[in-house]
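Number of protein chains: 2
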Amino acid sequence: MTRTRASMSRRRPPVPDLVRYLAVRARLVERALEAHLPPGRERLRQAIRYSLFAGGKRLRPILALAAGEVAGAPPAVVLPFACALEMVHTYSLVHDDLPAMDDDDLRRGRPTSHRVYGEGLAILVGDALLTHAFELAARVPGVPPALALRALAELATAVGEAGMVGGQALDLAATGAGRRVSLGRVRAIHRRKTGALLRAAVRVGALVGGARPALLRCLTAYGEHLGLAFQVADDIADAAGGAGGDGRTDRVLGKATYPAAIGLAAARRAAVRERDAAVAAVRALGPRAEPLRGIARLVVPE
Amino acid sequence: MTRTRASMSRRRPPVPDLVRYLAVRARLVERALEAHLPPGRERLRQAIRYSLFAGGKRLRPILALAAGEVAGAPPAVVLPFACALEMVHTYSLVHDDLPAMDDDDLRRGRPTSHRVYGEGLAILVGDALLTHAFELAARVPGVPPALALRALAELATAVGEAGMVGGQALDLAATGAGRRVSLGRVRAIHRRKTGALLRAAVRVGALVGGARPALLRCLTAYGEHLGLAFQVADDIADAAGGAGGDGRTDRVLGKATYPAAIGLAAARRAAVRERDAAVAAVRALGPRAEPLRGIARLVVPE
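Line by line, the protein sequences give chains A and B.
Take the first sequence: its letters are residues 0 to 301, numbered as in numbering that gives the first Met the number 0.
Take the second sequence: its letters are residues 0 to 301, numbered as in numbering that gives the first Met the number 0.
It is worth saying that the hints were derived from the structure and are not from the lab.
Everything numeric in this text was worked out from a predicted model, so none of it was measured.
Be aware that one or more of the hints could be misleading.
[Unchecked claim] Derived CB-CB ranges, DEER-like: (1) B/Arg268 - A/Pro144: 30 to 40 Å; (2) A/Gly39 - B/Arg296: 31 to 41 Å; (3) A/Glu41 - B/Gly54: 27 to 37 Å; (4) B/Ala53 - A/Gly141: 34 to 44 Å.
Backbone N, C-alpha and C define an ideal beta-carbon position, used for all residues, glycine too.
Start from the sequences, fold in the hints, and give me the full structure.
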């Protein structure tokens, strides 16, 4: 079937409206998050919503939905996991911004959680979102329990010591160490801190969609290359002066970034290389994978 | 069957060696935790182990094992969930001790995590342990996936906004508010902050053991009363001057505690009342429930 799709895609290259595709799915995610965490009386809920509904692009949930569609799963089935991914992502931003970590005052142009609600509540916002994510993933209807457990375990591995938390710990140790960080170390930090969740987003969508091993391998390769492309592009944006006015220019100082390790020009080449590898990994998957290819080109434009 | 057991227990009151029972199960938990989180190269792993292996009594995992045994589950089946409960408990201690929360320098007579490893790493220790707990619960062998998911959801609910995290947020808001906290509020904070996880420990063990609704109801009532008894007893110990030399006397100042709300004598009566209610809830369950009754009497001695 994969081969048929591939030849189809070679004959008539599909041109889906990527912008519309992203907007429709972002709206789905927005509505589902709103349903899971509606406004509440308690200050903690207000603080959770302040960070969760802050104009994020919902990249991770959209990746899960897109990978799920390639595997044949309708968005509704993947949606709870997609929301869980966004909750995990938001938790990591709130904790990473804390004074004891990156000490950021602004995020997406607004004061960070701890600046508005205080450090104690900001820590609890992260804890609550992380827990909500797993609760949501454990209560998914319409997915065989064994598959839901596998996807949940996949998410947990990406989040924990082997993934994001471990990556942040390495980053914390590398920051301000006063010496140039090696490329190998930067790669290792990126893979765990950012790459692991992007990889998991794609894999969780694929798993919930019932992807066979061969398809899962293609999608995993896509997720890994996309993750690296994304982080290198983010490093470059930071080095270029915190583009987007998100107040994160201070992060560049002494941080383990690609430009710091190999220079700006080499970093740009690396981003393009990883993007192309991501596109190549799903080239044979036909029109249904076009959104995934489009997202890669959006992350690192020509 | 319950009735037979009850009459048996009336004829010949079982006298299990509670101390030995607790020691054997604590050792099981210790070994399993050691297997899940062996020593590692990274500083994060060292910091995780510093807090996880700090001489805790392993009350929550033992409660899960004991409830599982009442439901007919061998300890080996409940053990991964038991370890998850201890990881969650340890995460909550590490985060609650942070300067932005209770600002404690000592825990179990040793410097707290952030005093040894710094605030950033202490936050990550909590994040990692919380995530490890869910990963462990998602990879439990020998439990039907639907049951494992239900137990995992139960754990997440106890940990999250409706439980521990929400309780800690209320506690944070109540502390130092400069006014006497009402009994209703103290109860609400305790139920979420401490009670929810003790209740979940018993319920998770029972669920994994395949407990029927009637048995689950008895064990749930036990868990709820035990949770309250435990917290009131803890408040009393704090009010009596941080018994155990754990350096938490400062916590008493302006904190939402039972003695602060209703006085020491009334708090003592409340602890005994809750303990007796816990024992009564599992009285009809025969000799297998004797460890649960013994634990209640240990938490609040005569």
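Now the hints, each set against the structure:
At about 46 Å, the beta-carbon gap between B/Arg268 and A/Pro144 misses the expected band of 30 to 40 Å. Between A/Gly39 and B/Arg296 the beta carbon distance is about 39 Å. The supplied range of 31 to 41 Å therefore holds. A hinted range of 27 to 37 Å for the beta carbons of A/Glu41 and B/Gly54 is consistent with their spacing of about 35 Å. Taken as a hint, the range 34 to 44 Å holds for the pair B/Ala53 and A/Gly141, whose Cβ atoms sit roughly 42 Å apart.
Violated hints amount to a single one, hint 1; each of the other numbered hints is respected by the structure.
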